[in-house]
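From first to last, the protein sequence lines are chains L and F. Quick note: the first sequence uses the working numbering, first residue 1, plus one each step. Quick note: the second sequence uses the working numbering, first residue 1, plus one each step.
Hint data in this document are derived by calculation from the structure and do not stem from the laboratory. Quick caveat: nothing in here was measured; it's all calculated off a predicted structure. Please note that a few of the clues may not be correct.
To be verified - Below, simulated BS3-like cross-link-like pairs (lysine-lysine); rule was C-alpha separation at most 27 Å, straight line:
#1 F/Lys78 to L/Lys107
#2 F/Lys78 to L/Lys88
#3 L/Lys47 to L/Lys24
#4 L/Lys24 to L/Lys88
#5 L/Lys88 to F/Lys101
#6 F/Lys101 to L/Lys16
#7 L/Lys19 to F/Lys78
#8 F/Lys211 to L/Lys16
#9 L/Lys26 to L/Lys123
#10 F/Lys212 to L/Lys103
#11 F/Lys78 to F/Lys212
#12 L/Lys107 to F/Lys164
#13 L/Lys42 to L/Lys19
#14 L/Lys42 to L/Lys107
#15 L/Lys16 to F/Lys212
#16 L/Lys26 to L/Lys117
Stated by the list, open to error - Away from chain L, derived, C-beta distances all over 12 Å, residues of chain F:
#17 Glu15
#18 Arg17
#19 Gln21
#20 Ile26
#21 Leu35
#22 Asp60
#23 Glu64
#24 Met124
#25 Asn134
#26 Pro156
#27 Ile194
#28 Asn195
#29 Leu218
By construction, the Cβ of each residue, glycine as well, lies at the ideal position given by its N, Cα and C atoms.
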Amino acid sequence: MIRKILIVDDSPVARKMLKNSIPKNKGYEIFEATDGQDGIKKYQMLKPDVVFMDLTMPGVDGYTALEEIRSLDGNAMVIVTTADVQPKSISTVMERGAFTLLKKPAKANIIEEALNKAELAIKENNG
Amino acid sequence: MDNHPGNSDSFFSGEERDILQEVMNIAFGNATADLAELIDIHTVLSVPDIRLIDFDELTDYLKESIPQNQVNSVAGQKFWGDFNGSGLLFLPSGSERALSKFLNLSRLDSPVEVGIVKDLDDTMKSGLLLEISNILIGACVGKISDLLDTMVSYTPPELLSLEKTDYSFLIKHFDTEQRAIVMKTLFQFDQQNINGLLLIMTNDKSIDWLKKALHAFLNAYEN
Chain L
1 MIRKILIVDD SPVARKMLKN SIPKNKGYEI FEATDGQDGI KKYQMLKPDV VFMDLTMPGV
61 DGYTALEEIR SLDGNAMVIV TTADVQPKSI STVMERGAFT LLKKPAKANI IEEALNKAEL
121 AIKENNG
Chain F
1 MDNHPGNSDS FFSGEERDIL QEVMNIAFGN ATADLAELID IHTVLSVPDI RLIDFDELTD
61 YLKESIPQNQ VNSVAGQKFW GDFNGSGLLF LPSGSERALS KFLNLSRLDS PVEVGIVKDL
121 DDTMKSGLLL EISNILIGAC VGKISDLLDT MVSYTPPELL SLEKTDYSFL IKHFDTEQRA
181 IVMKTLFQFD QQNINGLLLI MTNDKSIDWL KKALHAFLNA YEN
């Protein structure tokens, strides 16, 4: 069951848009990180069930943070949210273990659908 | 990188600048996806930078943004509507040869017909720059307009200079009485060692509309 969600994005506006698009009636606890480095740190600290990860960020970018988080936790559920929807970017994040990739700006129904799929995948992983 | 430079605070609130930065990020991401679809090239993106400058400071701004002595070619395109301004694309000299491979313009790589190739080179270089510029500026401005719920019209892309290091000539293309909101994105064509710069500039005429449109964009995501 998803309880904690971590949003990793350098843009405060992108974090706000995403936060507002996450269903309110599910009781999720939502945390925020401002870049890849902060995302890795907060992942270790908070152990969120799902991470929404931007790709283009200053310092540690989303590709690196995704790889690092997946190396720390092979079951980490990372949903990439990005404007960079070039074929190579998509294949790279999927190779690095992203659960799925959502094109920015993702609408509330798309976010909800991705969370529902993540919920099912978590249940399957837990047997 | 510093995400909050310049004097845009006097013009835009912090939130307005953040919205514009995110809109530019989304728009350029879409533009590069369009380019990848058309010519199968991957672009490495950076975080966009938003600044407010006077148009007469443009040359200094470019000196700051472009590596010293880097020889660039510049193509531009104007757009108008609620969102009014210009897009400028800077690509370093020599990038045409690498990019030509992606557009099946292999003639640029041919060592033969040297006497003729010089003319063809310049024609093809400018043609290629105009094509890339048309895709990137058109798609980027188009997506910004789409996100901000408006439509723009475009002039055809224009080659403004071929292989220069001095950009003071650009000033004549703008009204120096006006201020410019400059949305800058640096990018790299993957595995080509080509670092480019895209500027989308709008002016005083669009400010009131832009501020309203930015808030409407964010409000669509408010509960």
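Indices of hints not satisfied (ascending): When the structure is compared with the hints, numbers 1, 2, 4, 6, 7, 12, 17, 18, 19, 20, 21, 29 turn out to be violated.
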